[in-house]
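Engineer: What follows is the residue order along each chain.
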Amino acid sequence: MTEQLTPVEIGRDRARFDGALKAEGAAPYAYDYPVEDPLYLWTVDSTIAKGRVAAIDASAAEATDGVVLVLTHDNAVRVSGDDLEYAVLQDPAVRFRGQVVAAVVATTPEVARAAAESVVVRYDQEPHSVTVRAEDLYRPEKVNAGFPTDTDTGDLDAAMASAAVTVDEGYVTARTHASPVEPHTTVATWTDADGFLVFESSQSAHGFRRVFSDVFEVPAERVRVIAPFVGGGFGSKGMPHAGAVVAMMAARALPGRPVKYAHTRRQMFRLVGYRPRAEQRVRLAADADGTLLGVGVDVVQESSVVKEYAEQSAMPARTMYAAPHRRTSHRLAALDVPVPSWMRAPGEAPGMFALESAMDELAHECGIDPIELRVLNEPAVDPDTGLPHSSRYLVRCLRAGADLFGWYHRDPRVRSRRQGPWLVGHGVAASTYPAYRQPNNTALVRFADGRYQVEIAAADIGTGAWTALNQIAADALGVPVDEVDLAIGDSALPVASVAGGSSGTASWGTAIVTAARQFREKFGSHPAEDDEVRADVPAPTVAEEFATHAHGAQFAEVHVHEDTGEIRVPRLYGVFDAGQVINPRTARSQLVGGMVMGMSMALHEDSVMDPALGHTANPDLADYHIPVNADVCDLRAEWLGIPDHRLNPMGSKGIGEIGITGTAAAIANAAFHATGVRVRELPITLDKFLG
Amino acid sequence: MEADITLRVDGEERVVTVDTRTTLLDALRDRLGVTAPKKGCDHGQCGSCTVLVDGRREVSCLSLAVAKDGAEVVTAAGLVDADGPHPVQRAFVDNDALQCGFCTPGQVCSAVGVLAEAEAGWPSAVTAPGATPELTDAEIKERMSGNLCRCGAYPGIVAAVREVAG
Chain A
1 MTEQLTPVEI GRDRARFDGA LKAEGAAPYA YDYPVEDPLY LWTVDSTIAK GRVAAIDASA
61 AEATDGVVLV LTHDNAVRVS GDDLEYAVLQ DPAVRFRGQV VAAVVATTPE VARAAAESVV
121 VRYDQEPHSV TVRAEDLYRP EKVNAGFPTD TDTGDLDAAM ASAAVTVDEG YVTARTHASP
181 VEPHTTVATW TDADGFLVFE SSQSAHGFRR VFSDVFEVPA ERVRVIAPFV GGGFGSKGMP
241 HAGAVVAMMA ARALPGRPVK YAHTRRQMFR LVGYRPRAEQ RVRLAADADG TLLGVGVDVV
301 QESSVVKEYA EQSAMPARTM YAAPHRRTSH RLAALDVPVP SWMRAPGEAP GMFALESAMD
361 ELAHECGIDP IELRVLNEPA VDPDTGLPHS SRYLVRCLRA GADLFGWYHR DPRVRSRRQG
421 PWLVGHGVAA STYPAYRQPN NTALVRFADG RYQVEIAAAD IGTGAWTALN QIAADALGVP
481 VDEVDLAIGD SALPVASVAG GSSGTASWGT AIVTAARQFR EKFGSHPAED DEVRADVPAP
541 TVAEEFATHA HGAQFAEVHV HEDTGEIRVP RLYGVFDAGQ VINPRTARSQ LVGGMVMGMS
601 MALHEDSVMD PALGHTANPD LADYHIPVNA DVCDLRAEWL GIPDHRLNPM GSKGIGEIGI
661 TGTAAAIANA AFHATGVRVR ELPITLDKFL G
Chain B
1 MEADITLRVD GEERVVTVDT RTTLLDALRD RLGVTAPKKG CDHGQCGSCT VLVDGRREVS
61 CLSLAVAKDG AEVVTAAGLV DADGPHPVQR AFVDNDALQC GFCTPGQVCS AVGVLAEAEA
121 GWPSAVTAPG ATPELTDAEI KERMSGNLCR CGAYPGIVAA VREVAG
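If you read the sequences in order, they're chains A and B. The opening position of the first sequence corresponds to residue 1 in my numbering, with each subsequent residue numbered one higher. The opening position of the second sequence corresponds to residue 1 in my numbering, with each subsequent residue numbered one higher.
Please keep in mind that the hints were generated in silico from the structure rather than gathered at the bench. None of these values were measured; they are calculated from a predicted model.
For each label pair, taking beta carbons as the anchor points, the in silico distance ranges come out as:
1. T6(B) to D65(A): 24 to 30 Å
2. V15(B) to P538(A): 57 to 63 Å
3. V15(B) to P7(A): 54 to 60 Å
All C-beta atoms in this analysis are idealised placements derived from N, C-alpha and C, irrespective of residue type, glycine included.
Pulled out of the complex, with its shape left as it was, chain A reads as follows (with noise of 0.2 Å):
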């Protein structure tokens, strides 16, 4: 059990502080911080997806004014490490179409993009392989965030042999990108009495400056990583990728000058990062009643030759329901395609749709409640490892939900409603994701000018810190709100883990609390002027007593036009368990913008390769959708607001992720209900339901 703060500040309903400033245009982004005489990079990225750079002639770009360098494989300074991903411009090999293999920085943007232009690249091409084959199948050593790649409990076959019901099938996630309204951009300059200072999209200030400093082996201290504002991440601003090693790489050889380097729209699709393309087996073996006997997971999944990516999809089949029969596996084939990574819920958004489109499909099959289904298999315990749930309200979710949405007046039968050309349909889904908190984490308090100074290098990607972690501050100091000054988005404050996993308010805010209240009780209410406390917290270790997760249920209702096929999703709505929510206002809408993203996933994203040129045919805003204000209609987040006590002071649980797990399913279960069409690969777009 952890102390918990007494709520005073959290809980309370409040506008986010960097509110104004946003809507004012007033905070700075990466790409908007003032800086002296700039330089600006546009880079030359390969036209083939595997081969190697055989020529590169850049003597047009060389002799035009206001060209200071052209970097290449030749010239390019030679950095550290065995991540492929960040050994751009090291070598001739081209491993994927839209690989950077020269760079041109000139005085102006105009300067800078038409004389990459005009780089001619000669390339000695080699056949490539960018679609997922039988025989290239391999078994990760391990998957994402650490997990095992496969288990194997009882005998999953001999129970799917015996079981009165059975589920056996398969399910398609897309290919899909974070995709984050601003592109990932990077201001660098390099002094030699300084060494790197670096405005950057960035979801962990001290994450970057650990990479950069080891690519470029300079000393951590010689990098300076700032960012306050970044807009959006969704995992893609996790770490760095190879644009930002571009635009150092250009600082460095250029000391003393700026240089601006954002990605284009474009190349937000290759060089950044993406959700990797996956199929998913699963089998569920059940009794007569549904009573489950076994779950399977089994994903096959795309990665890349330059760096391993395994997402974690089988991981939500391992945990969510009871079943003494049960395997998951996870393989990969390596392709020669950009380096897929995090994006929103990775393992869990896509893992999601699989299992809850399989439940679905085993409620039909027994003729039960697919709401009924759920409650007949919540487990004891944790399933994976045997452990207590240190909280698990996925049933009062589902309850909760069932009666917001009107759950109880829905006809099972399928095709059994419709308004006019419309066919009607309502499903449901669980939602889940893991309640982590981060070690390495450090906040310094610091009383001066008769206030608080909470410093901590955390990050507001739009998740609401700036406003969380300023009331937290304040519980822990036992004070106002404005009477705290919080500091965060800058490697040069104290050190702070990924704004990720949906971790971030529970690692900063436990160290925000942590420093607090040794401040209190080094120099009770009446600190004297400088004051100050810096804590390390210990690592947490609740994860070896409970498992520790949050729960969700999503509704859906789904019209589908009997004729043409159009999907459209006049009401969605979820009902968490997130623990004591900090800010209503600011937690409404994360949970909100993640169902958004889910029904996205669930309608919209498709990332289409085109196997002859091995890239994504569709690399724009205008071809790649996602969501619309339009496309979004009666969407509604609730909560049950229970605390979590064994996690954290505050007893919250993460918000960022779960909103866009389970979405997909529950709008695709919807979809079945009103059309008797189960679409099992996404997007569900108007041809799924026609012939």
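Knowing the structure of chain A, use the given hints to seat chain B on it.
Structural biologist: Below, chain B alone, put in the same frame as chain A:
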């Protein structure tokens, strides 16, 4: 090739030398240091660069600065006056119509444009033929759909615009 142009930006006359290839957005951001409008796509697809040009909303990445010589440009920063933020900006903050904030200056300018267009009786794709448009939720969603928000703040954006429209 370079050209000298004059823009009135957020109420201030600015003379600036631009490359003839410079977009209005890049002229504002790179040449004049006016960073309220953002570059999200540079293709007119996301709406983050929306500003008011001679009173009408435009995506500033799709026009060349030289073609805007003499124009009056108002960015989100210029919507703040002596009385403080524009009512649309206040409503965005109150309704949490933003998260990361990157698309927000464009959303705000677009919303101001929407209010004026509806006031002037301009129909949208969802206005019934011949009807006088009123800013219902359906009208607001339709008219604000040129501004993408990846954080998914759309319900808040609709609430904010509805609040100001009255």
